[in-house]
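My request is simple: use the sequences and hints to build the entire structure.
For the protein sequence lines, the chains are A, B, C, D, E and F, in the order given. Letter 66 of the first sequence, counting from 1, is numbered 111 in the working numbering, and no numbers are missing. Letter 87 of the second sequence, counting from 1, is numbered 132 in the working numbering, and no numbers are missing. Letter 83 of the third sequence, counting from 1, is numbered 908 in the working numbering, and no numbers are missing. Letter 58 of the fourth sequence, counting from 1, is numbered 883 in the working numbering, and no numbers are missing. Letter 62 of the fifth sequence, counting from 1, is numbered 154 in the working numbering, and no numbers are missing. Letter 64 of the sixth sequence, counting from 1, is numbered 156 in the working numbering, and no numbers are missing.
If you are wondering where the hints come from, they were derived from the structure by calculation, not from laboratory data. Where is the CB? At the ideal position from N, CA and C, for every residue including glycine. Check before you lean on any hint, since a few could be wrong.
DSBU-like mimics (lysine-lysine), calculated; alpha carbons at most 35 Å apart, straight line [what the hints assert, rightly or not]:
#1 E/LYS107 <-> D/LYS883
#2 A/LYS94 <-> F/LYS163
#3 E/LYS152 <-> B/LYS75
#4 C/LYS899 <-> C/LYS883
#5 C/LYS883 <-> B/LYS47
#6 C/LYS899 <-> E/LYS106
#7 F/LYS107 <-> F/LYS153
#8 E/LYS152 <-> D/LYS850
#9 E/LYS163 <-> E/LYS179
#10 A/LYS47 <-> E/LYS107
#11 E/LYS106 <-> A/LYS75
#12 D/LYS899 <-> D/LYS850
#13 E/LYS107 <-> B/LYS75
#14 F/LYS163 <-> F/LYS184
#15 B/LYS75 <-> F/LYS107
For each label pair, taking beta carbons as the anchor points, the in silico distance ranges come out as [to be verified]:
#16 E/THR168 <-> B/ASP97: 17 to 25 Å
#17 F/PRO167 <-> E/ASP138: 48 to 56 Å
#18 F/SER205 <-> A/GLY117: 31 to 39 Å
#19 F/GLU208 <-> B/LYS47: 45 to 53 Å
#20 C/GLY904 <-> E/SER193: 24 to 32 Å
#21 A/LYS75 <-> F/ASP154: 24 to 32 Å
#22 B/GLY117 <-> A/ASP101: 32 to 40 Å
#23 F/ASP154 <-> C/GLY912: 23 to 31 Å
#24 F/LYS107 <-> C/GLU918: 16 to 24 Å
#25 D/SER881 <-> F/ASP176: 52 to 60 Å
A short, non-exhaustive set of chain B residues, derived as facing chain F with CB atoms under 8 Å [stated by the list, open to error]:
#26 GLY76
#27 HIS86
#28 ALA126
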Amino acid sequence: MKLGILVNEGPFTHQASDSAYQFTKAAIEKGHEIVRVFFYHDGVGNANKLADPPSDDRNLVSLWSQLAEEHGVEMVVCVAAAMRRGINDELLAAGFKISGLGQLVEAGIIGDRLVTFGD
Amino acid sequence: MKLGILVNEGPFTHQASDSAYQFTKAAIEKGHEIVRVFFYHDGVGNANKLADPPSDDRNLVSLWSQLAEEHGVEMVVCVAAAMRRGINDELLAAGFKISGLGQLVEAGIIGDRLVTFGD
Amino acid sequence: MALLHTVNKSPFERNVLSDCLRLAKDGSAVLLIEDGVYAALEGTSASDEIISRNGSIKFFALGPDIEARGLSEKPLIDGLTLVDYAGFVDLVEEYSSVQSWL
Amino acid sequence: MALLHTVNKSPFERNVLSDCLRLAKDGSAVLLIEDGVYAALEGTSASDEIISRNGSIKFFALGPDIEARGLSEKPLIDGLTLVDYAGFVDLVEEYSSVQSWL
Amino acid sequence: MEDFDDDEFDGPIKKFMYVNRKAPYGTVYALEGLEVVLITAAFDQDVSMVFVDDGVFQIKKDQETTGINMKNFSPTYRALEGYDVEKVYAEKESLEARGLSGDDLVIPVEVLSSAELAELMDAQDVIVSF
Amino acid sequence: MEDFDDDEFDGPIKKFMYVNRKAPYGTVYALEGLEVVLITAAFDQDVSMVFVDDGVFQIKKDQETTGINMKNFSPTYRALEGYDVEKVYAEKESLEARGLSGDDLVIPVEVLSSAELAELMDAQDVIVSF
Numbered sequence: 046m047k048l049g050i051l052v053n054e055g056p057f058t059h060q061a062s063d064s065a066y067q068f069t070k071a072a073i074e075k076g077h078e079i080v081r082v083f084f085y086h087d088g089v090g091n092a093n094k095l096a097d098p099p100s101d102d103r104n105l106v107s108l109w110s111q112l113a114e115e116h117g118v119e120m121v122v123c124v125a126a127a128m129r130r131g132i133n134d135e136l137l138a139a140g141f142k143i144s145g146l147g148q149l150v151e152a153g154i155i156g157d158r159l160v161t162f163g164d
Numbered sequence: 046m047k048l049g050i051l052v053n054e055g056p057f058t059h060q061a062s063d064s065a066y067q068f069t070k071a072a073i074e075k076g077h078e079i080v081r082v083f084f085y086h087d088g089v090g091n092a093n094k095l096a097d098p099p100s101d102d103r104n105l106v107s108l109w110s111q112l113a114e115e116h117g118v119e120m121v122v123c124v125a126a127a128m129r130r131g132i133n134d135e136l137l138a139a140g141f142k143i144s145g146l147g148q149l150v151e152a153g154i155i156g157d158r159l160v161t162f163g164d
Numbered sequence: 826m827a828l829l830h831t832v833n834k835s836p837f838e839r840n841v842l843s844d845c846l847r848l849a850k851d852g853s854a855v856l857l858i859e860d861g862v863y864a865a866l867e868g869t870s871a872s873d874e875i876i877s878r879n880g881s882i883k884f885f886a887l888g889p890d891i892e893a894r895g896l897s898e899k900p901l902i903d904g905l906t907l908v909d910y911a912g913f914v915d916l917v918e919e920y921s922s923v924q925s926w927l
Numbered sequence: 826m827a828l829l830h831t832v833n834k835s836p837f838e839r840n841v842l843s844d845c846l847r848l849a850k851d852g853s854a855v856l857l858i859e860d861g862v863y864a865a866l867e868g869t870s871a872s873d874e875i876i877s878r879n880g881s882i883k884f885f886a887l888g889p890d891i892e893a894r895g896l897s898e899k900p901l902i903d904g905l906t907l908v909d910y911a912g913f914v915d916l917v918e919e920y921s922s923v924q925s926w927l
Numbered sequence: 093m094e095d096f097d098d099d100e101f102d103g104p105i106k107k108f109m110y111v112n113r114k115a116p117y118g119t120v121y122a123l124e125g126l127e128v129v130l131i132t133a134a135f136d137q138d139v140s141m142v143f144v145d146d147g148v149f150q151i152k153k154d155q156e157t158t159g160i161n162m163k164n165f166s167p168t169y170r171a172l173e174g175y176d177v178e179k180v181y182a183e184k185e186s187l188e189a190r191g192l193s194g195d196d197l198v199i200p201v202e203v204l205s206s207a208e209l210a211e212l213m214d215a216q217d218v219i220v221s222f
Numbered sequence: 093m094e095d096f097d098d099d100e101f102d103g104p105i106k107k108f109m110y111v112n113r114k115a116p117y118g119t120v121y122a123l124e125g126l127e128v129v130l131i132t133a134a135f136d137q138d139v140s141m142v143f144v145d146d147g148v149f150q151i152k153k154d155q156e157t158t159g160i161n162m163k164n165f166s167p168t169y170r171a172l173e174g175y176d177v178e179k180v181y182a183e184k185e186s187l188e189a190r191g192l193s194g195d196d197l198v199i200p201v202e203v204l205s206s207a208e209l210a211e212l213m214d215a216q217d218v219i220v221s222f
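Below you can see the structure in the form of structure tokens.
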């Protein structure tokens, strides 16, 4: 199955990003293809490489970057949502790129399912 | 009246920061003293100088900075909440500083009222 | 001494207005702000929440939030008072402490 | 063709489970995740929401979220099935589309 | 992948449904959700837009946001038709619970019962809820 | 202003009440709220901590977060006593609606009725709700 993933909230404040990460990882482990993970609304905060949580807590930004590196997952941050919230190219962690909302629509068209995680 | 203000959400996603700003401005115009505006949880996003909303929308980060400049309002961003969410000194807009949670407690002690805005 | 309670969520979306009213004493005040102002509408499935405590609690709603949501011409619950941000500040001063129901 | 609905909010805090069940057809599935798993508890003021549709809708809850919240030893509503993240993926594959009630 | 150019897109046509469940201004979901709908229309997909629960408040007429210093985006809903988004629905039960009728709305919508909306939702390929 | 040093603080003692209304893990408010309470205790204020509505789930025992890869912070509530936070309450109505009793909780709490809690809330100088 080809999956598109939409993440609407940032790390830490809502569990949405955690759930999306765990779901995406499980889907990859089962052999499914991740068409794209798209970060919208406050979800753009998942791409902020400056995130520095306490060492005894998970770091979702790093976890997403690792997932992209190990499995070639495409991770796209919405440019309009990112500009509003002060996320630009210089803040992007490894594996993330900034692009337009069309990338979300395209993930919906190409994928067999689009699964949304948010608040 | 001496007022402490607590802002728990970032700009744009929730109205909390707008409401806090309008309330704080109205309090100043009525001659009240703002002890401190404290930014906690996702509220730390209000200090991100890279925020660049569409030109026909309000820019809360700039509005807060102006309020601080014109009226000497002290604006403190919680260091622990900011680190989790990737806000550091280099991203701070004018008028904001990063400090500890004790500054929130102190605002509660010194102020006649503490008013919270959040989700 | 009595509290000012603020409620900023729609009564159709969340149970927070009920939670607030369960713990709001007679003589306290409730100010509806942001999406909380939808509770001020008369003739909705949520109107009874406020009507049932009307008189024992003073109810206020933030006018700018009412106007933003296009509710200026809709009938509001009888006895509910509209305030602006300056009036919000006055309420904070008038009551002994503020509990924001988030 | 039937939908998979996900609900991630507590039924004590928000009305979203009711909203979901109003629009969920018989034969569809509802997966409770995150704070949504509190709706899986038996013997609460919210239990009837699921019990009243039990049988006509298949109810699932995410085990890791149940465990995280300390609910492993509490009785869950009869007939509700626990799944892990891999089971969540299987449900997404099994149903025709996913509606996330946010 | 480069920025997507919809003129060159030659994929399948899918049924997209956007479910608007949140009130405007209290949160940004209504505004940013509308931006997604307008983009999708450019991809020549079969787009439905639904207002349900507090989402029906998004299209309440007479919005006047000067007092809260936020942008009034309700006129943008009138642009939907120009983007060929013609399947616009509101749920009857949601309107009634909130004391609203078609006269209260900034755009014409087709009013559906819960049962009708449930059928329509069931037939979609992609559902995105804001 | 420099970082506040509580040893040098010589201000008034106020009644602070922290109202915990949110479930843990679904949002971060419970965790970050707890951090505020622990800081306040160091200021020698009169601190009350209340669990009401879904906040009572914060102190549900048996939390096991390995499966969601988040930090289980429920043991930290046991540290409250060491910080001299001794006024810890839960609302009876909230517990009952959720099928919980004192045996379900990770720390001992004083169970108050809505009416008793309303009285207590009324007597506070500062109320912060998470």
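Hint by hint, which ones does the structure fall short of?
Those not satisfied are hints 6, 13, 18, 19, 23, 26.
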